[in-house]
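Using the hints provided, position chain P relative to the given structure of chain X.
2 protein chains.
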Amino acid sequence: MALQTDQPIRVGLLGAGTVGSQTARLIVDQSEELALRIGRPLELTGVACLDPAEVTVPWIDKALLTTDTMAVATSNDIVIELIGGTGAAYTFVKAALEKGASVVTANKALLAKYGPELYELAEKNNADIYFEAAVGGAIPILRPLRESLAGDQVEHMLGIVNGTTNYILDEMTTKGLDFDVALRQAQEKGYAEADPTGDIEGYDAANKAAILATLGFHTKVGIDDVTVEGITHIDAADIAAAKAEHKVIKLLAVVGRTEEGVSARVYPALISDEHPLASVRGSFNAIFLHAKYADDLMFYGRGAGGAPTASAVVGDVVTEARHIAQGTRGPAIRMYNDFPIAPLDAAKAAFAVRFVILDSPGVLAKVASVFAAHGVSINGVNQDLKPTQVAPGYDGERQQLRIVTHLTDETTLRATIDDVLKLDCVIGEPSIVRVLD
Amino acid sequence: MALQTDQPIRVGLLGAGTVGSQTARLIVDQSEELALRIGRPLELTGVACLDPAEVTVPWIDKALLTTDTMAVATSNDIVIELIGGTGAAYTFVKAALEKGASVVTANKALLAKYGPELYELAEKNNADIYFEAAVGGAIPILRPLRESLAGDQVEHMLGIVNGTTNYILDEMTTKGLDFDVALRQAQEKGYAEADPTGDIEGYDAANKAAILATLGFHTKVGIDDVTVEGITHIDAADIAAAKAEHKVIKLLAVVGRTEEGVSARVYPALISDEHPLASVRGSFNAIFLHAKYADDLMFYGRGAGGAPTASAVVGDVVTEARHIAQGTRGPAIRMYNDFPIAPLDAAKAAFAVRFVILDSPGVLAKVASVFAAHGVSINGVNQDLKPTQVAPGYDGERQQLRIVTHLTDETTLRATIDDVLKLDCVIGEPSIVRVLD
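If you read the protein sequences in the order shown, they are chains X and P.
Position one of the first sequence corresponds to residue 1 (the UniProt record's numbering), numbered consecutively onward.
Position one of the second sequence corresponds to residue 1 (the UniProt record's numbering), numbered consecutively onward.
In isolation and in its complexed conformation, chain X is listed as follows (with noise of 0.2 Å):
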């Protein structure tokens, strides 16, 4: 791999959307800095997409586009995977590593799925694989915990991953909105799309879990290691509920590493408003974890957008070109560990859960009565919650009864929970938040 001095180094592009066009923008506009930081310059060799009458960005030469995605995959030093998805660009991806070329990607789901495969075939092959933009999007955090952290022992993450359900779960909190009138102003602001459901059900969140407690802890975890939770019953009376206890609820990413084995879920959780994740508003991202020796750390910014996640894929790049220019490459993502998937039940936690109940007399006595038969312990109750609009088959003989537990392990919890849905005087699908320290 070791070139001349002066000879550039060869970039393809796969993907001219927005974040590809943008990447294209950086690498063009920047080239003499960029040259400076490397130590050579970058050549952009070819753009593979769709659609060449499409791509009408001015800083793309259009002699440079292509429908030919393969030969841009296999013909470059580096190879930016922009295409998304499990598909083809799984195919490319492996296309280019089996030539030696490092990859540089965004996406997600494909390192969820595919990721500790395409790790080991990256080492195979003597060439490197970085996704800095997959979690977190501008954010710095895959190279701390490959890097900074490299001395240290990271203990757990909890992450605002999902700019769409933080956006969401903001307006609600600030503007003491219903969730569906929120999604609606999220989709109209361009913050969500038209199906919202790979945000709002959480399995975009899961997919940045599967990649951090890959890295975090040096063990495979796929998607399918992912429990999922999302926010779709989470309403205003939750919301306000967590208020009143000075707490926000946030959707988050949780990994954690105990005798048990490591877990990656994902679940809207009860969080201190002192917490500094708490002060992570609208649709930006951050990552809070901690370590044996470091302690507390958060990385906090843009976790989605155009010209965010082009940086952080330009970031990729050039780090990739600087070890190219010196003959080598970067740290091999090392999975020594073979640690399980620790059981659903290994971890106790706390849990406010929300029934939508019809006042009648007794109510509270026949659902207390459900938890104390499955020994789960209530911390505290809340019966006078403020009625809101989306509460399902709410009128005004309905009412909200918000019960918090103590310390107790899930399954429980959900066996409670299916027996008191069980009675006349509970109707409708209940909201669970856990409760975090």
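Where hints are given, some of them may not hold.
Identical chains blur together in the list; that is why a pair holds if it fits in one copy or across any two.
Lysine to aspartate or glutamate pairs mimicking EDC-like chemistry, simulated, CA-CA at most 16 Å apart [to be verified]:
#1 Lys-292 / Asp-29
#2 Lys-189 / Glu-245
#3 Lys-348 / Glu-259
#4 Lys-94 / Asp-295
#5 Lys-94 / Asp-409
#6 Lys-94 / Glu-410
Hint data in this document are derived by calculation from the structure and do not stem from the laboratory.
Just chain P, lined up with the frame of chain X:
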């Protein structure tokens, strides 16, 4: 530098104080896991200290202790400098680099004074110099600047980079304490030294500002280029006035780049209580930065302490050991720009100035006319500040007058204040705090 695969990478440690002994602990206690992360074992070959009899921690083998610092500095692959200061540390770091050893240091004063010379010496000798722990302790900020943001343009950074002053200001804010009381408490709790000058006058933060500016703008900025104001004139009245405006006062290291050059400054500033830096409490540190494409980023964590600082040091050691294992080196610190230091008045600012005045008729008119004479426009006035114990010379007949200006340049403001202080009705030292947007 390429050695056989199983041959240990030799590490020498200079200094066995709090950080030094914690660093040794992380290397010794985690030796097996670090070898997996690097691909080769680390061997701690020597620990130089002033008095081996004083080093009693069980994880440092007595046989490694020596007073021959030069021998340790010149006989290893990686030399960790934790002596501190700019005297002996400079001699030994230079000797190590000249021998082709890579250096890891936490010494902000050394880098603020001799950084550019040492970066060039490292490159000349095909060695690396890493110093993540020198700014923000355990917080990964220098590596993101060198690598993650290598495809972007940093525009400015605001850093809370001194835990002692942040602790003092935070105690003043949350408990309404006066400066002297908060300082005394910080000393009792070990957050401030017996001689707190270096912290409270801003000199410690100034070293970090010089390092941040050099790495952020790829240009030489030394400690003598940094202008410094401390927090000794801030009192409870300033904090109370800030609170009333939903702001907090923080001591910031501020580095920026404009067409007129780069600036590196340390000063107390008013920031909105919704700014991410406002939630940085107690002795925590954080660096907030704005880059052209990545937009806003913030990095938060422990800025000091034995274990957190050692975590950053060993992260650097592992990173460099991987390079050595691959027979290569890390990215050079390229200072390819030669920006001038921007003149003091290049950027206009708004200021909050608090005077101690004799409570007599016409004082406000007299002070206001001095401001008018200098063309400094007044944005707000507050004459009924709650008196505090430490207002210099305060007694029943004296008051405090706080004036917030519109944008002005610093030379004009200083001249205005000098003239105000000539008035008979104005006494003592004023406090001057910048107002940030």
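Exercise. Output the numbers, in ascending order, of every earlier hint that fails for this structure.
Key: As far as the earlier hints go, 2, 4, 5, 6 are violated by this structure, in ascending order.
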